[in-house]
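Novice: Generate coordinates for the entire structure from the input sequences, incorporating the hints supplied.
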Amino acid sequence: MSELLQFLFSGVTVGAVYALVALGFTIIYNASDVVNFAQGEFVMLGGMITWFAHAAGLPLPLAALIAIAATAALGVAMNKLAIEPARGAPVVSLIIITIGASIFIQGAAQLVFDKQIHSFPAFSGDDPIRIGGATILPQSLWVIGGALATFVGLWVFFTRTLLGRAVLATSNNRLAAQLVGINTNFVMTLSFALSAGIGALAGVLATPITLTSYGVGIGFALKGFAGAMLGGMGNPKGALVGGFAIGLIEAMTAGYLSSQYKDAAAFIMILLVLFFMPQGLFGRKSTDRV
Amino acid sequence: MLTIEGLRSRYGRIEVLHGIDLRVDSGEIVTVVGANGAGKTTLLRCLSGVQPVTGGAITFRGETLTPVPAYRRLRRGLAHSPEGRQIFTNLSVEENLRLGAFLFSDARVEKDMDDAFQMFPVLKQKRNLAAGGLSGGQQQMLAMARALMGRPSCLLLDEPSMGLAPIIVAQIFDVVSGLKALGVTVLLVEQNAFGALKIADRGYVMETGCITMQGDASELIADPRIRAAYLGI
Chain H
1 MSELLQFLFS
11 GVTVGAVYAL
21 VALGFTIIYN
31 ASDVVNFAQG
41 EFVMLGGMIT
51 WFAHAAGLPL
61 PLAALIAIAA
71 TAALGVAMNK
81 LAIEPARGAP
91 VVSLIIITIG
101 ASIFIQGAAQ
111 LVFDKQIHSF
121 PAFSGDDPIR
131 IGGATILPQS
141 LWVIGGALAT
151 FVGLWVFFTR
161 TLLGRAVLAT
171 SNNRLAAQLV
181 GINTNFVMTL
191 SFALSAGIGA
201 LAGVLATPIT
211 LTSYGVGIGF
221 ALKGFAGAML
231 GGMGNPKGAL
241 VGGFAIGLIE
251 AMTAGYLSSQ
261 YKDAAAFIMI
271 LLVLFFMPQG
281 LFGRKSTDRV
Chain D
1 MLTIEGLRSR
11 YGRIEVLHGI
21 DLRVDSGEIV
31 TVVGANGAGK
41 TTLLRCLSGV
51 QPVTGGAITF
61 RGETLTPVPA
71 YRRLRRGLAH
81 SPEGRQIFTN
91 LSVEENLRLG
101 AFLFSDARVE
111 KDMDDAFQMF
121 PVLKQKRNLA
131 AGGLSGGQQQ
141 MLAMARALMG
151 RPSCLLLDEP
161 SMGLAPIIVA
171 QIFDVVSGLK
181 ALGVTVLLVE
191 QNAFGALKIA
201 DRGYVMETGC
211 ITMQGDASEL
221 IADPRIRAAY
231 LGI
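Chains as they are written, first to last, in UniProt numbering: chain H, 1 to 290; chain D, 1 to 233.
Since the hints were made in silico from the structure, they are not lab data.
For every residue, glycine included, the Cβ atom is placed at its ideal position computed from N, Cα and C.
Don't take every hint at face value.
Here are a few chain D residues that face chain H, going by a calculated C-beta distance under 8 Å [what the hints assert, rightly or not]:
1) L74
2) R75
3) L91
4) L99
5) A107
6) L179
Specialist: Right under this line is the structure:
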């Protein structure tokens with residue numbers, strides 16, 4: 001029983017990271033129908049820049065803030081330099097551009113930082129909290145709290161604010177969005193900034209547990225993508241549930257089967273979703289009449 | 001109010017507007033009629049800024065419009081209800097209307113929405129439904145209502161009658177002619193020349209990217225060449 005609880009704790013922790021990555025996917029997808037495969041690099045940068053700034057002597061909270069701001073700025077630059085010039089290209093081309101950006105960021109990080117594995121201290125110490133025979137790290141609570149807070153923030157943004165609806169409108173019909181006065185370029189810029197900032201936040205929160213290096217991005221991107229697919233691409237609630245679900249499935253696979261199969265779990269989920277439920281759990285079925 | 005001089009536009013290497021001259025005065029309903037492919041939709045797309053202009057000038061309320069990006073033209077008072085309606089299909093009817101007033105967040109937004117529901121009562125019944133599930137006529141009504149939510153002084157209206165049943169067309173043309181009373185100037189593009197000329201003050205005939213005739217709507221409707229070519233009489 002305590003074993004199951006232990007697996008649950010670890011699943012929820014890594015699930016929260018995947019949920020944050022999936023939320024990042026959701027924002028850019030909502031604004032542009034593009035799946036941004038550089039999302040994982042934002043997570044990597046969040047961790048690496050925080051480590052770098054902290055190692056250079058800055059206090060941890062400041063280093064984390066700098067990492068999030070710098071990554072958000074990089075997201076904006078990526079949109080301006082790589083996505084915006086390809087305006088009008090098919091979505092598939094844009095997705096391939098994001099894969100290119102991902103490889104580029106990874107290579108640049110390798111040069112700017114280094115190839116070592118890094119970490120920085122957990123925010124609230126390393127003493128595990130005992131619950132029912134299992135233990136959870138205080139940092140896990142930070143990760144879970146961060147994912148939930150981000151979700152609530154985004155949910156309010158998309159459903160309760162005019163700017164949030166403008167993002168949805170831009171994704172639904174860019175032409176019409178311009179005609180009602182929405183600056184669609186700004187919406188795209190905002191989406192990339194938000195998305196990159198959330199990715200970096202995931203990296204900041206997770207690094208004390210998962211450690212970081214220049215190459216961790218792709219794994220986060222694929223797991224987060226699996227979460228977003230499972231929940232239904234474009235739906236923040238789906239991203240949250242899907243991310244946690246992938247984390248739990250992974251932890252259970254590692255615990256009860258073999259930790260060697262842990263990474264396969266997410267990919268098997270992607271395949272199952274594509275075969276049997278392409279809309280995902282919360283994806284909305286399109287019902288357009290013409 | 002709106003003056004167009006020598007307007008040219010092209011898709012790739014093919015020029016589709018070969019120097020259009022056109023004028024819309026404040027308070028008028030002006031219609032541009034012509035066959036499919038004449039360039040009517042392109043003309044409106046140039047006016048709202050979503051189609052690049054390669055020559056000529058557009059002046060709206062004394063300001064030159066050409067360098068103004070599309071999303072800023074509604075702020076100047078120019079709204080466009082585009083071809084194919086282009087509503088936000090996965091948002092609700094009410095959200096579509098609210099986004100029509102994206103530029104505003106004052107108390108008048110509520111009032112404008114009530115007015116829109118009064119103009120098209122069927123939209124009120126469906127206010128919480130996804131707009132993509134509306135019928136063609138209802139989508140057209142929503143597209144017009146959304147454009148009006150932006151408080152335009154001039155409305156560009158592209159083929160509101162396209163693909164609709166005659167009874168709905170009549171209803172929509174009624175609303176268009178009623179816009180005058182609301183102080184909205186209208187530039188209406190139509191293939192349904194008879195219906196459009198009946199409610200318009202003046203009209204232009206467009207053929208393969210050029211204006212070939214112009215005049216008072218009542219004169220055009222009586223012109224034997226127009227009757228033969230466009231009215232099927």
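Novice: Each hint should be assessed against the structure and marked as holding or not.
Specialist: Taking the hints in turn, this is what the structure says about them:
no. : hint : result
1   : L74  : 4 Å, holds
2   : R75  : 6 Å, holds
3   : L91  : 6 Å, holds
4   : L99  : 5 Å, holds
5   : A107 : 15 Å, violated
6   : L179 : 17 Å, violated
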